[in-house]
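First to last, the sequence lines map onto chains A and B.
One point on numbering: in the numbering used here, the residue at position 73 of the first sequence is 73, and numbering is uninterrupted.
One point on numbering: in the numbering used here, the residue at position 93 of the second sequence is 93, and numbering is uninterrupted.
Source of the hints: derived by calculation from the structure; they are not laboratory data.
Mixed in with the good hints there might be a few duds.
[Claimed, not checked] Just so you have them, the derived chain B footprint on chain A, three or more residues with Cβ under 8 Å: (1) 470-482; (2) 502-515; (3) 518-524.
For glycine and all other residues, C-beta sits at the position ideal for the given N, C-alpha and C.
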Amino acid sequence: MEKLENRRNPELFQEIPDRTNLHDAAFETRPVSFLEDSLKRFAKNKASIVAAIIIFLIALYAIIVPFASPKSRVDTTKYPAGFRDDKFAYALPYNQMFKGTGFWDGTKVMAYNENSYKALQSNDSNHERFVELDHVVTQTIAAKKVSQYYVRIDTYAVGNFTVTLSQSEYAKLVEHDKEMAKADKDYKSIIKPMIDVSSYLAKYRATMEEDGQAEGTITDVLDKMKTFYNQNQDIYYEMSAKQSNGNYTSNSFTAVFDAQGKVIPIYATDEQGNYVYVEVQADNYTVRVDYYDYLTYTLGFEPRFLFGANDSGQDICLRLAEGARFSLLLGIGISAINFIIGLIWGAVSGYYGGRVDMIMERVTDIIANIPSIIVLTICGIQFTNNIALKHAIGQTGIIILGFLVAFVYSGWVGVAGTTRMQFYRFKGQEYVLASRTLGAKDRRLIFKHILPNAIGTLVTSSVLMIPGVIFSESSLSFLGIIDFSSSGINSIGVLLNEGQHAGLQNNPHVLLFPCLVISLLMISFNLFGNGLRDAFNTSLKGSED
Amino acid sequence: MLIYILKRLGLMVLTFVTIFFICFVMIRLLPVNVDTGMKDPEIFYRTMVAQGRMRMTENGSYENIPVLEQLGTFLARLFDPSNDHRWGYSYKIEWLSSPDEVLFKRLPPTVMINIFSMLISTPIGIAIGIYMALRKNKWQDHLLSVLVMLFISVPSFVYAFLLQVLFGYTWPILPPLMANIQYGYFTPEVIASMVLPVMSMSFSSIAGFARYTRAELTEVLTSDFMLLARTKGLTKAQATVRHAFRNSLVPIFPMILGEIIAVLSGSLIIENIFSVPGVGALYLQSIQSRDYDVFQFVSMFYIAIGLIGTIVVDVSYGIVDPRIRMGGGK
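Chain A extracted, bound-state conformation:
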């Protein structure tokens, strides 16, 4: 009754004069587009946001590091593919922040016997290889106590090496040493006294002759010892081939200690008894340098590796960034191509239906059932043997082309199937019929009316395709079915392969970081894709408010 009363209330209702045209009032609030609505739903999904941020960070890492890292901007004549130095092979990950903690500081624990343990503590380079004694294991073997010393060593302290310089380079190095010594009292010189192996060998020959060894043994031992000194340039002290049982062996050498338990250096001296620092032959100046400091001096940055180094002393951090960049580009590129092909195929097959659909379905059936591994192998072998093609696009081009063919050839089938389903869903609806009645052509119906409705699902399926491509590429190049080694391309799979060859037992760090990045990429892309799917799903609108 009250409502009826209200109706008569002149304050609430207003009489409208005749002959006024009435129109719908325009909305005063802003219209919410489909995209905005989806974005709003996406923003509510925290896991997807985090995943999107992680993907963004990995992409940033992949873009910035190859440009910013000083290791990629070294002299290209000396280092054609970025900095590498096999003296730092398998150097462990080093992070300034963790220095001295024993974790992520480039140190590792290794076992030494008593003699090598004593020798390890003496060092004439600027960086101590010996960090700390971790623990000692003493065993009694044949009534004798044998100790194993587990020592934490610095994998970056590679010791001293001889390098050959030109005259000007040598003069600059000496000048640098002098200036630095003037500025800083504690400065340790880069140039080290030369060692004189040949005179030590002559001396050792005399010792062996005194010991009554046969000439054959002596030559053999001295030969091996010479090679040993050449290969282990950081050893600057006397070594002996005598074993504890009094026999001589040419297989292993032990350090000689004086009465104080110190090693005996074999530095080269001139007539006055001064150390010799350089050997000059024509324009070649051979000097013995502290290798780490020398590299720092020539390169302008310290050879430290955040993620460690691989078997040829390359920075894993840099290579991983390049690999991630390649893998991401490949993933996005192939997904985009597959998306376009699948869209067209699925649209035609779904829209026209009937016999066209049946034939197209059989074709996709056959294509989908041939594993891409077969196509990849066949393309790889065929393209490599095609000399004209090789000339046209080069070795790298051939590998990428083979890969593209193998992945595009069956990759679009999934998108085509999804598109076909979407077309079946929408093509019978009234709005399409209405449009058709008004004379819309097939093309207009497909692209203007049906496709925009299906685009959410399709975009999601193609985003979810990216991790699939990255995964396939990395597993195939990990298995060696795609061989990038001759092309100089890095991908995450190449790094995984390298990591497996480096040996999980001794150098797990080579594998650790690529595994970490690919896992992160996979997880984030999956979360991101799921978030997109929910965001584009209009039926979820308001369900979680």
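Once you've looked at the hints, dock chain B against the given chain A.
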């Protein structure tokens, strides 16, 4: 039903034959490198001529016969009962043995590992899925969902490596590589060395089963007939086990059947990492050494398993739940 199965089988055979022809032509077009890894080129040529794949030219060198002609001879030889080497010869992996022999020798390790992995992952995965569905939107469900998501997303080789490093090297309680199988498949060493590959294969399928079971069971648990069952006086446990669980198994059972078929195909990556001498390793080996006849045979084997798996899954849907008619009319 019978007509449907026959129709599907007929289509499968058609697809298989088409794929086979395509693969045959593509593989036969590949150049053969006689110089590397071939024991005796003379015998190679002789067998090639005997198979109708090459012929001698007038100047004594050999040339390939056109591929379609080769296809004809191949089919004729394939259905010739007196022929021992229907599928050609393995020239690189095992000199002059036939590809089917090579493959069947490699089947047992693969089948063993896959069966173990399936026996472990199916019950655990379903159990976890049921638990998650019953604890839906509680902290247990959230925790397990995160774990399931992690295990599905992270590539299987990552946890293969992780397991190998952890239990094989850092804390050496299990052999990191597959033990030698020449003394039999059930020696303690072989069983122990299978633990790591089986574990790394199981994780993702446990996660897959858990996710699927959870999705199915939560849907069934909220359906109307569950409410009816409760109103009729069934306890929650009775209703869940007798009504909800059985119904949720409808799509899971075909999934298990699919896995049983896939037992025959080996995982390339896992077999490579743990050096399992199985089918996957053979496939990889045939690609790397370019042993084309073996490559062709193993490829067709994988394709056949894939096709049969799809059919079995589709048909079993209809058997498990008669309401479902895959591909049926309107």
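Outcome, coverage of the stretch 518-524 of chain A by chain B - at least 3 residues whose beta-carbon is closer than 8 Å to one in that chain: holds (count 4)
Taking beta carbons only, do three or more residues of the stretch 502-515 of chain A come closer than 8 Å to chain B? holds (count 5)
Do at least three Cβ atoms from the stretch 470-482 of chain A come closer than 8 Å to Cβ atoms of chain B? holds (count 7)
Against the hints set out earlier in the document, no violation occurs for any number.
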